[in-house]
Each structure stands twice: as structure tokens, then as C-alpha cells.
Amino acid sequence: MSDILADGKTSGAAPSDGLAILESQRSTAETFGIPLAVLAELTHRCPLQCPYCSNPIELDRGGTELTTEEWKKVLSELAEIGVLQIHFSGGEPTARKDLVELVQHATDVGLYSNLITSAVLLTKEKLSALADAGLCHVQISFQGNEPMVADRVAGLKNAHEKKLEAAKWTRELDLPLTVNAVMHRQNLHQLSDIIQMAVDLDADRLEVANVQYYGWALKNRAALMPTIEQIDETSRIVEEAAVRLKGILAIDYVVPDYYALRPKKCMGGWGRQFFNISPAGKVLPCHAAESITGLEFESVRSNHSIAWIWQNSEAFNRYRGTGWMPEPCKSCEFREVDFGGCRCQAFALTGDAGNTDPACTLSPMHEQIFRQAEREAAAHEDRFLYRNFAGGTLETDGEHGA
Amino acid sequence: MATSRNISVSEASRPKLPRHARLKFDETRQVWVILAPERVLAPDEIAVEVLQLCDGVRSVGDMADQLAAKYAAPREAILTDVIGMLQDLADKGFLTEAREKTP
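Chains as they are written, first to last, in my numbering: chain A, 1 to 402; chain B, 1 to 103.
Calculated from the structure, these hints are not laboratory results.
A portion of the hints provided could be inaccurate.
Once the Cα atoms are required to be at most 16 Å apart in a straight line, the calculated EDC-like pairs of lysine to aspartate or glutamate come out as [unchecked claim]:
no., chain 1, residue 1, chain 2, residue 2
1, B, 16, B, 88
2, B, 16, A, 252
3, A, 246, B, 91
4, B, 92, A, 229
5, B, 24, A, 108
Partner residues aside, some chain A positions facing chain B, computed with beta carbon under 10 Å [claimed, not checked]:
no., residue
6, 176
7, 391
8, 392
The C-beta atom is built at its ideal place from N, Cα and C for all residues, glycine as well.
If we strip away everything but chain B, and leave its shape as in the complex, we get:
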């Protein structure tokens, strides 16, 4: 089971935040935060934008399409950046893949 946490992010991945990681706007400090067990992290603006797209339905490829259209930027460069960022989050345990829920 432990290995299920170590996901490898690719264009086909459909990542989402695990239930123990909550993305939230902190009204008091006026920053976005990720709340995790006994930790509070402050993702930067780009990370927040990508994380908001991580709903377990969209693929990483879909996200790259969307961001490339929005920023009129080359899709390949965006895809590389998004995968890098998401892999980093996954390695830290703040990202999981949509999968059948275990009983």
C-alpha cells in the first residue's frame, strides 16, 4: 500500500490532492495554503493555479492545453513545467492519482 503514495506524473495522469491535503485561501494572511498533517505550506501563484486544476478528472495533458491557451504559450514548455511541479508535490506526499477507492 505504501507504494501507492509514490506516483509518477505523466501527461496521462489525472492527479488530485489526497484527502489529507487541503488547498485553501487563508483570509487572515491573504495567501493560498496547503494544509497537511501538522504542516502548512504556501504554494506560489503558479502552483495554486495548477493545483486548482487537479480534480482527479482532468489529465495533465488537458491542463497543459488549458494553460497554453490561456497564456498563449508553447504547450511543450508548459507541459514540462507542470509535470515537474506536480512530480515535486507528489514526491512530498501532497498529490495522488484518481483511482478506485479501496474499501
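Same shape as in the complex, but just chain A:
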């Protein structure tokens, strides 16, 4: 999900019309300006068990989470150094009993707050309290457009119905709503219906986010990888809907990079315009960065300020800019377009985070992973490994997680 936080969000306005896009003016690799938005992963606890969860395989246990006071201090510090928006995420952020207090604190220090939620733990009273505390925007994840598919993917009974209800409350409270739909082989056939669902829910935005394959999703790749025909169809549906729904529903589309020619500009470039804070307080260049072994990440519990960690810590500087690049990236004309793609994916698929992301056709490994994706998509091994603190649970016949 957070891949798209840093990318493609500001495409709506042309700089010529009085609304210059700030994002393009800031946070260059040269200046390391403080990011405009930060993702706060309040917890890894979650009632859902989605097989593509973006949390790391090694989940932070509840006991290691930052306390209410620690999070408040972090929020104050973020506002002070120039962060403008905070995304409360997880895990499931509403699993934190202090969420209203944290949103209120974000408001008090002047941060614009987004809630990124599965919504299944929300009640109307809770959402109303969050709105009163100054919450600015709600993003709800959907796993499909109807319960059969959606509840199976989420691994939770009645999840879909609860999400629909929470989406309705969101609009009743006059909060803007984003529908986030994570797409893969087993739900892409519902895309047109999901788009209509977003319209019916009176959402402002829809994120059509193809699964990114690291962590849990990599373990579930064979069950999730779409076919290339599905991807072609997806692009067609999204393009048609974007035109038809102009002014009604904004659609952000994240393509699956296994079938791309160029890698994605992951996080807008490592350490360039984004960081997130893990439940235990680690400051990370992206939510999956802890999967890269051999990198030490500093914590907000250390003696260093967040600004110092962003500017000076070894982990942020290791893959910042273009100086670290090997060939073929080093001499590539696109090196400042995509910054070599995704470090986590390079690590997961090649064993070295410093290699070119194999999603790039210029990577010597590209052909191999493209063929593998094709084979896996065609094999129809549909069984999920559900995400949980026990290291995952394999779906059994007739008794899936829901």
C-alpha cells in the first residue's frame, strides 16, 4: 500500500495553474528535505490475515509497541521538523486503544491525519470520536466486492459486511473516503464491480493496487500472481473507468512490476521523500526494509533525533541517490527516474539489496522472474498461507480462514 504513498499522488494538478505541486520541489537526494508525509505503523496486530500483508514476516509483538506517550512525542517531533501529514496505519491501527488520543495529539500539533484501516473493528461511535479528534481522511481496504471472495482473502468472517458499514459511516460523518483494493489473480475478475462499489460508497478515491511481492506476498506468490491476460484487462478497465468517472472518483493505479519493463520508483527513491516508523519505533525507509538483513535501523527510542536518523543514519544513506549503484543502473539514463527500483525486491530475489531490481528488463535476472511469474500464474495453486504471529497458517480444504 505504501508504495503509492510516495508516488503518483500529485498527478491531478498542473503546476501552471496556480497550484504548483510541492512534492516535485522538495526532498531531492541532494538536500534530504524532510518528507511531507510519514507512515506511522502503530501496531502489527490485526484481525485480518491477508496473504499479501505488507507487514514483515517477523511481526512486532504487542509488548514491544511504542507507548501512547512515546507516539505523542514522535508526533510532536515530526510536526516540529516539517512533516505535514501523518498516516496512521498498521497492522490495524484501530486495535490501539489510544488511537483517538493519538489523532487528537496529531491535530493539536498541526498534522493532517489519515487513517489507513481494515475498518472491521470500527463502530460508529469510535469513528465519530476520531472525526471529533480531527481525523481528516479515512482509507478502507477491501478484498473484493462481495463476501465470498473478500472474507476468504481476509481470513475473517463478515469482514466485508463490516467494511461496507464503516464506509457508510465515514461518508455520513462527511469524512473523505478512499477505497483501497489490493488486486491479485483471485480477485481481479471483480475489478469492474469493485470500481462500481467505490462509486456506490461515495468514495472520493480508489486505489487499485496490485500486490507487491515481498514478505507475506512473496510466500503467497504462486497463489496471487495474476496472468498477463489479467493485467492487460486490468489496465483496460482502469483506463476506461478513469475517463468515465472523471470528477466523481479519482483512481490511482499501481501496476504489478513483474510484468513491467521498468521497475517502479519505489518509495520515490530510497530515503528521498518517505519514511515510516514501525510499531517498535524503528525509523525505516519503507515498511518492508527490515527484510533486508545486514542493515541496522535506528529507533526513535535511541538518543538520536528523527531528523538526525533521516539525514545521517547508515541505513538511509546506503542506497540514497545514485552513488551506490552498480551497472546496469550506474550508466542508465533512467537512474534518476526510478532510482534502481525496489531495494527489498532486489534483496528478496537476488540476495543482494544493492543489485538492480529484477523487475527491470535491464536486470540479468528479469527474464527468469518474468517466466517464473507466468508459470506460477498458470499453475493455479490457489491455496493461501494466512498471515499471523505464528509464522503463517496454510489454508485447508473447506475451511479457509473465514
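Based on these hints, arrange chain B on the given structure of chain A.
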């Protein structure tokens, strides 16, 4: 409900920022910004001045009066510019009209 976002700005409109769009001075970068869901926009000086007048009470006509007096400029030209700018903002979803709050 979706159509309520697509407002048509006229002299009689009483526009305001919707609750999800916040106009704020960014002390760190020393610029005005509009904060919106997962976006940060930097309006220019004129846009900021007009947006500060958008309180849901003043009409676009009132704004044109005020700006025409302040800058000793022809009201009609200002009105045209203000409507154009506000319509542009409205089309992008950063402006709404004062209306009875839905339950």
C-alpha cells in the same frame, strides 16, 4: 451524493474549503500549502489570498468587491479571474459550497 462535489462557481456562490482540504502556512518551507488526502499542494500568492476569503459566508461577488477595492483594479476583470481560479479548485475537489450539513 457524488455530484455534490462538482460545483459550478458563480458570482453568487459562497465557496469554502471542504473539511478534508486544509489551508496552512508551512513554517519549515515558508510556503502556504493545501493539505488534502495523501496530497500536498502549493497554491500561489493570489490563490492563497482568494482562498482565505472562502469562508462559506462571503459570496464570490463580495470577494471581487473586496479585491477590486484593495488593488484599485476593475471589478469585472477580477471577478472573471476569481471565478476561473475557484472553478479550477472546485474541479480538483478542493472547494465546496456552503450548504446545510447532511446528517
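Hints, one by one, checked against the model:
A hinted pair counts as satisfied when its Cα atoms are at most 16 Å apart, and residue 16 of chain B with residue 88 of chain B qualifies at roughly 14 Å. Proposed proximity of residue 16 of chain B and residue 252 of chain A is contradicted: the alpha carbons are some 26 Å apart, above 16 Å. As the CA atoms of residue 246 of chain A and residue 91 of chain B are separated by approximately 10 Å, the hinted pair is consistent with the 16 Å bound. Between residue 92 of chain B and residue 229 of chain A the CA atoms are separated by roughly 33 Å; this puts the pair beyond 16 Å, and the hint is violated.
Proposed proximity of residue 24 of chain B and residue 108 of chain A is supported: the alpha carbons are some 14 Å apart, at most 16 Å. Because the closest C-beta pair between residue 176 of chain A and chain B is about 4 Å apart, less than 10 Å, the hint holds. The interface hint given for residue 391 of chain A is broken, as the beta carbon of that residue sits about 33 Å from the closest beta carbon of chain B, more than 10 Å. Checking residue 392 of chain A against chain B by beta carbon gives a least distance of about 30 Å; that is not within 10 Å, so the hint is violated.
Comparing the model with each numbered hint stated earlier shows that hints 2, 4, 7 and 8 do not hold.
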